[in-house]
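For reference, the chains in residue letters:
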Amino acid sequence: MSSIPANETHITSYPRFIGRSLWLATEGSFGFYAWMTALTAVFLVGANAWANQVAGGMIGTNMTDQVSWGLYIANFTFMVGLAAGGVMMVIPAYLYHDRKMHDVVIIGELLAIAAIVMCLMFVMADLGRPDRFWHMVPGIGKFNWPISMLTWDVIVLNGYLILNLHICGYLLYMRFLGRKPNPVWYVPFVMLSIVWAISIHTITAFLYCGLGGRPFWNTALLAPRFLASAFVSGPAFIIVAMILIKRLTGVVGLDDPIATLTKIIRVTILINLLMVASELFTEFYTGGSHVSAAKYLFFGLHGKTALVPWTWTAIAMNIAAALLFLWPGLLSLKWRPLLVTACMMAFIGAWIEKGMGLIVPGFIPSTLHEVVEYIPSQLEWKVTVGIWAFGLMVFTIAIKTALPTLKQSSDH
Amino acid sequence: MTSTEPSKNRSLPIVENFTRRAAVKGAFATLGAGAFVAAISPLRQAAKNTTAAEFMQQHYTELSPEQKADVIARLEAETKEKYGADVTIADDRPIPGTKFVYAINLSVCNGNGKCVEACHKENNHDRATNQSYIRVLEMPKGTMDMEQGSTTYSGAVPKDDKFYLPVQCQQCDEPPCVDVCPVKATWKEEDGIVVVDYNWCIGCRYCEAACPYHARRFNWKEPEVPTKEINPDQSYLSNRVRPVGVVEKCTYCLHRTRRGKLPACLEACPTGARVFGNILDKDSNIRWILENKRVYILKEELGTKPAFFYYFD
Ligand code: SF4
Ligand code: SF4
Numbered sequence: 001m002s003s004i005p006a007n008e009t010h011i012t013s014y015p016r017f018i019g020r021s022l023w024l025a026t027e028g029s030f031g032f033y034a035w036m037t038a039l040t041a042v043f044l045v046g047a048n049a050w051a052n053q054v055a056g057g058m059i060g061t062n063m064t065d066q067v068s069w070g071l072y073i074a075n076f077t078f079m080v081g082l083a084a085g086g087v088m089m090v091i092p093a094y095l096y097h098d099r100k101m102h103d104v105v106i107i108g109e110l111l112a113i114a115a116i117v118m119c120l121m122f123v124m125a126d127l128g129r130p131d132r133f134w135h136m137v138p139g140i141g142k143f144n145w146p147i148s149m150l151t152w153d154v155i156v157l158n159g160y161l162i163l164n165l166h167i168c169g170y171l172l173y174m175r176f177l178g179r180k181p182n183p184v185w186y187v188p189f190v191m192l193s194i195v196w197a198i199s200i201h202t203i204t205a206f207l208y209c210g211l212g213g214r215p216f217w218n219t220a221l222l223a224p225r226f227l228a229s230a231f232v233s234g235p236a237f238i239i240v241a242m243i244l245i246k247r248l249t250g251v252v253g254l255d256d257p258i259a260t261l262t263k264i265i266r267v268t269i270l271i272n273l274l275m276v277a278s279e280l281f282t283e284f285y286t287g288g289s290h291v292s293a294a295k296y297l298f299f300g301l302h303g304k305t306a307l308v309p310w311t312w313t314a315i316a317m318n319i320a321a322a323l324l325f326l327w328p329g330l331l332s333l334k335w336r337p338l339l340v341t342a343c344m345m346a347f348i349g350a351w352i353e354k355g356m357g358l359i360v361p362g363f364i365p366s367t368l369h370e371v372v373e374y375i376p377s378q379l380e381w382k383v384t385v386g387i388w389a390f391g392l393m394v395f396t397i398a399i400k401t402a403l404p405t406l407k408q409s410s411d412h
Numbered sequence: 001m002t003s004t005e006p007s008k009n010r011s012l013p014i015v016e017n018f019t020r021r022a023a024v025k026g027a028f029a030t031l032g033a034g035a036f037v038a039a040i041s042p043l044r045q046a047a048k049n050t051t052a053a054e055f056m057q058q059h060y061t062e063l064s065p066e067q068k069a070d071v072i073a074r075l076e077a078e079t080k081e082k083y084g085a086d087v088t089i090a091d092d093r094p095i096p097g098t099k100f101v102y103a104i105n106l107s108v109c110n111g112n113g114k115c116v117e118a119c120h121k122e123n124n125h126d127r128a129t130n131q132s133y134i135r136v137l138e139m140p141k142g143t144m145d146m147e148q149g150s151t152t153y154s155g156a157v158p159k160d161d162k163f164y165l166p167v168q169c170q171q172c173d174e175p176p177c178v179d180v181c182p183v184k185a186t187w188k189e190e191d192g193i194v195v196v197d198y199n200w201c202i203g204c205r206y207c208e209a210a211c212p213y214h215a216r217r218f219n220w221k222e223p224e225v226p227t228k229e230i231n232p233d234q235s236y237l238s239n240r241v242r243p244v245g246v247v248e249k250c251t252y253c254l255h256r257t258r259r260g261k262l263p264a265c266l267e268a269c270p271t272g273a274r275v276f277g278n279i280l281d282k283d284s285n286i287r288w289i290l291e292n293k294r295v296y297i298l299k300e301e302l303g304t305k306p307a308f309f310y311y312f313d
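Residue numbers (full-length UniProt numbering), protein chains in the order written: chain A, 1 to 412; chain B, 1 to 313.
Worth flagging that the hints you see were computed from the coordinates, not collected in a lab. Certain hints may be false.
As the list claims (entries may be wrong) - The calculated lysine-lysine pairs, modelled on DSS-like cross-linking and capped at a C-alpha distance of 27 Å, are:
#1 B:K299 <-> A:K295
#2 B:K299 <-> A:K304
#3 A:K304 <-> B:K162
#4 A:K304 <-> B:K25
#5 A:K407 <-> B:K25
#6 B:K25 <-> A:K400
#7 A:K295 <-> B:K141
What the hints assert, rightly or not - Here are the in silico distance ranges between beta carbons for each label pair:
#8 B:V37 <-> A:P337: 41 to 47 Å
#9 A:L280 <-> B:G155: 35 to 41 Å
#10 A:A277 <-> B:E147: 21 to 27 Å
Model, not experiment: these values are computed from the prediction. Even for Gly, the Cβ is constructed at its ideal location relative to N, Cα and C.
Looking at chain A on its own, in the form it has when it is part of the complex (with noise of 0.2 Å):
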């Protein structure tokens, strides 16, 4: 099957290749099936606890009209900053040309396929009418373009996914040819996606800084910091699932990948903290209304405490994790489980600072300055899990497609 015999178009050798793809993607050792199938097992949990909130309405969550975006909107923005997180192995490997970071970059790619996918489930899982989706799409529904940001939002994201569906399914059809890839079929596609990660992620700010009516959003910084901050979560969720790679598969040279990530992060997190830092002076120096959104965060407002906890998590996780990306050893083999730690604790920092910590306190105090509390319903949680456990089985699948390609570049 090295190349199309000439019988065969593409028209018949591309489904043939996805049905390769697919045959060898549900191949694996026992550890592999009992990981997919306690994936299933938890996303059908969600896909069960979304059927049940449609089919009784979203009472069902713990939203209201005064928090009226929760959990679901928080992973939805997280997802998107994970999704743009990957192009910082696009970066490296196409604009300063890093061979090794070349012979990887595909897990960043299939990275960001893995988390849009997540984020229009969150989307969806957010609506109270999904039935109405049709609505949004261009042509047969009425779309509010270019007015409404989601509905840029929309487009940024659809395009990103298509994208980078395009350059990895690209680059995997032309391996199961046998051929070498056509730069001129990929390369454009690539810096293209490169331009592409930066938009999705400040359109998505955008949806929330160009809110007059929410003190807490309405900020200039809020773009740069989500950028910031997936640039850091993005990069650590991929070192973690280098690491996972090379354990699993036996996938060599991946050590310098990861270490280029870590020096990224490295810098990256410090200007995420320091953004932070700029916002919390000028929020609590200036004080008035502004503040009380980020006084609630911090500290509780009336008595009303139930972010707190979360933010100074997130805190103590981000400034731990700062400081031992900056210590030099983190780069040794030896010290691999205290990247693992330090990536951990970067991301969940990232998680909650981007996702609880950024979306419920833009509803608290409420417009009318009513302080109602927000903690996420058991349905909630389940729907979410379900769609982390959906996004890791999209994304183990699409790695396990690629594992030829990344042994292959590997032996040479």
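Given the coordinates of chain A, work out where chain B with the ligands should sit on it, guided by the hints.
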């Protein structure tokens, strides 16, 4: 013999393995798909509540008169079926040459909350959640800072050291809620009223996040109203019973005001604090107030240009 054996051994197990594995994978896939269908089975319940006609319904502004009549007939029948009430749903359009404006005299308002209650009944709000489009803030005298206010005050009103600030949709002339809606389910009509097509809204609640006056409400559940309490005088864009999962808001009671009546909250107000009218009518009371009183608007700095004014005597 010996030369064929190994090759057989090499090829056969692979083929066997292949078919067996394919069968196992197929079984697992079937099992997974079956479990998925079972997991999402509650959706069947939801699907029963949505007819094909409702699913396919076009945006309000794109319905032909015949389609509109069909939609309204369907909605009336649904209300009868679900709530047991005979209602008429009209399609009240703006009266040319009208721009509705509201004003509240804060020196007079005593925080009794009759408007909140009247809105609740007039607009067929869910009984269990005690929903209403109006919220009244109890504010300490000597400040305009809403942060000092409370929406959950109780006890006898008015209290000496307090004044009362009712807030509802300000029918902004630059409404952020309209800008953010991804599907144009909400828009501003010629007489200034911002409306929602409850059959087009996808329930993303972006407008709820965008509104600086907490004027929008989401239907977290299907509204429950006892048959006897249903207000049968309804309009498509205002007080008809809303479906679950969509956003709603104050419409200046367009099913009344576009028929020459006053909003329910105004009629219910025992103090006469509320003034409503057409600002384009030079002889109207509201016009006189805007010209002669020192009026102010809420959160002027946001540039939303409310069509809702407050003043003190
Ligand atoms: S008050 Fe809120 S809902 Fe009403 S028009 Fe203004 S922004 Fe929209
Ligand atoms: S909730 Fe409905 S009206 Fe509001 S922005 Fe979303 S689709 Fe538009």
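Evaluated hints:
1. B:K299 <-> A:K295: Between K299 (chain B) and K295 (chain A) the Cα gap is close to 21 Å, so the pair holds against 27 Å.
2. B:K299 <-> A:K304: 25 Å, holds
3. A:K304 <-> B:K162: 24 Å, holds
4. A:K304 <-> B:K25: 52 Å, violated
5. A:K407 <-> B:K25: Roughly 25 Å separates the two Cα atoms, so the pair holds.
6. B:K25 <-> A:K400: 16 Å, holds
7. A:K295 <-> B:K141: 25 Å, holds
8. B:V37 <-> A:P337: 41 to 47 Å: 42 Å, holds
9. A:L280 <-> B:G155: 35 to 41 Å: 39 Å, holds
10. A:A277 <-> B:E147: 21 to 27 Å: The hint (21 to 27 Å, Cβ to Cβ) holds, given that A277 (chain A) and E147 (chain B) are roughly 25 Å apart.
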